[in-house]
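Turn these sequences into a full structure, and let the hints guide you.
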Amino acid sequence: MNPVHKKIPVLIHNGKPVCESLIIVQYIDEVWKDKAPLLPSDPYQRAQARFWADFIDKKLYDAGRKIWTTKGEEQEAAKKEYIEILKVLEELGDKPYFMGERLGFLDIALITFYSWFHAYETLGSFSIEAECPKLISWAKRCMQKESVSKSLADPKKLCEFLVEMKKRLGVE
Amino acid sequence: MSQVTVLGAWPSPYVYRVIWALKLKGVDYDYVEEDVLHNKSDRLLKYNPVHKKVPVLVHAGKPIAESAVILEYIEETWPQNPLLPKDPHQRALARFWIKFGEDKSAALFGFFMTEGEQQEKATKEGQEQLRILEEQGLGEKKFFGGDEIGMADLEFGWLAWWLDVMSEIAGVKVIDAESFPRLHAWIQRFKDIPAIKEPLPDRSAMLTYFKGRRATFLALAKS
Numbered sequence: 001m002n003p004v005h006k007k008i009p010v011l012i013h014n015g016k017p018v019c020e021s022l023i024i025v026q027y028i029d030e031v032w033k034d035k036a037p038l039l040p041s042d043p044y045q046r047a048q049a050r051f052w053a054d055f056i057d058k059k060l061y062d063a064g065r066k067i068w069t070t071k072g073e074e075q076e077a078a079k080k081e082y083i084e085i086l087k088v089l090e091e092l093g094d095k096p097y098f099m100g101e102r103l104g105f106l107d108i109a110l111i112t113f114y115s116w117f118h119a120y121e122t123l124g125s126f127s128i129e130a131e132c133p134k135l136i137s138w139a140k141r142c143m144q145k146e147s148v149s150k151s152l153a154d155p156k157k158l159c160e161f162l163v164e165m166k167k168r169l170g171v172e
Numbered sequence: 173m174s175q176v177t178v179l180g181a182w183p184s185p186y187v188y189r190v191i192w193a194l195k196l197k198g199v200d201y202d203y204v205e206e207d208v209l210h211n212k213s214d215r216l217l218k219y220n221p222v223h224k225k226v227p228v229l230v231h232a233g234k235p236i237a238e239s240a241v242i243l244e245y246i247e248e249t250w251p252q253n254p255l256l257p258k259d260p261h262q263r264a265l266a267r268f269w270i271k272f273g274e275d276k277s278a279a280l281f282g283f284f285m286t287e288g289e290q291q292e293k294a295t296k297e298g299q300e301q302l303r304i305l306e307e308q309g310l311g312e313k314k315f316f317g318g319d320e321i322g323m324a325d326l327e328f329g330w331l332a333w334w335l336d337v338m339s340e341i342a343g344v345k346v347i348d349a350e351s352f353p354r355l356h357a358w359i360q361r362f363k364d365i366p367a368i369k370e371p372l373p374d375r376s377a378m379l380t381y382f383k384g385r386r387a388t389f390l391a392l393a394k395s
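The listed protein sequences correspond, in order, to chains A and B. For the first sequence, the working numbering gives the first residue as 1, with consecutive numbering after it. For the second sequence, the working numbering gives the first residue as 173, with consecutive numbering after it.
Take the hints with a grain of salt, since some may be wrong.
Said to hold, decoys possible - 30 Å max Cα-Cα, derived BS3-like pairs, lysine-lysine:
id, chain 1, residue 1, chain 2, residue 2
1, A, K71, B, K394
2, A, K59, B, K225
3, A, K7, B, K271
4, B, K345, A, K6
5, B, K394, A, K58
6, A, K95, B, K224
7, B, K224, A, K80
8, A, K95, B, K218
9, A, K166, B, K276
10, A, K134, B, K224
11, A, K134, B, K218
12, A, K7, A, K58
13, B, K224, A, K59
14, B, K225, A, K66
15, A, K59, B, K234
16, B, K363, B, K258
17, A, K66, B, K394
18, A, K58, B, K225
19, A, K16, B, K258
20, A, K156, A, K71
21, A, K58, B, K224
22, B, K234, A, K95
23, B, K293, A, K7
24, A, K6, B, K271
25, B, K212, A, K80
26, B, K218, A, K80
27, A, K16, B, K313
28, B, K218, A, K87
29, B, K234, A, K58
30, B, K212, A, K87
31, A, K134, B, K234
32, A, K58, B, K276
33, A, K66, B, K271
34, B, K258, A, K33
35, A, K6, B, K296
36, B, K258, A, K7
Claimed, not checked - With beta-carbon atoms standing in for the labels, derived distance ranges:
id, chain 1, residue 1, chain 2, residue 2, range
37, A, V163, B, R303, 33 to 43 Å
38, B, T388, A, M143, 41 to 51 Å
39, A, Q45, B, D207, 30 to 40 Å
40, A, G100, B, N253, 27 to 37 Å
Everything labelled a hint here was simulated from the structure, so no lab data went into it. Here the structure is a predicted model, which means the values were calculated and not measured. Glycine included, C-beta positions come from ideal geometry on N, C-alpha and C.
Okay, here's the thing in structure tokens:
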């Protein structure tokens, strides 16, 4: 179903595959367009949502990975970088969700990283909430929705997973 | 003075994606050249504080950055001469190949940033990705977009003009008619479209500019 990248997620709809998570989210938004629109309707707002989702994808995963695969000075730098990225996102607005009153595309792009915060905090010995309280209250707001809380991975399990990965990769 | 301004740099294929999209849709725009290598303007830093790069599209005073994001904005704001298909699955495919082009750019440009054995290896890696692109992205279609040019064609537009210059400078043949017949045919078709051909930068100016870039990359690699 994904011969090019051989990766997940893949959405299969009526036998046809769609690959790359943000492309899948846009596909879902276009096919099931009558319910809970994920992208705003205004083209400029849509561009902002896409820009920041791209920013998250470009920066956050790699920065997070550095936290659990390094130690000492390198790890300190990684933690600083991670917090800086989150602070930029925190500044994006004062509304309940990123683009307004309803959970949408950009919230979806970021909330999935929330499950990893506990693991990074544990392995990096720092508190994300202390540095980015606004972001954490946004995350908790998202988690009040069952569609989010019931589908995200258990933060404790993710932490255990990373501890195991560290051993396997020989990073202590 | 038009409502649309493009901040760009003449050698950048990313900038051309935006220019081509606007020309294909018949949208008037003002163009502003930015000296991105040596002297980024206050205007650029104001309009793209996050990445500080071109292209930036400014429409009615509001800036948009990142060429893929700009293309989607152009498509939604000026729907004439559509660059994306109507069918959601086809749209997802077009977006997939655009992202492929972005994700694989290090592999695709590797031949230009290296020399000797490293360059041989990098060229092979780039060609592997181009093989995937040719067989699975383009297939038997006239354009990536189907019978008509689309957003994915613009993403790979650099293959039609920049690749040849870069290959000449780097001294490697990346694509030719025998090894990549379908991509090669697509390149000829793409270059023939007036809106594509007309704004292309001067080839000898490109040779000079990219020779300098290659020298810089190789020097950086050595240090």
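Checking against the hints above, which ones are violated? Hint check: nothing fails, all pass.
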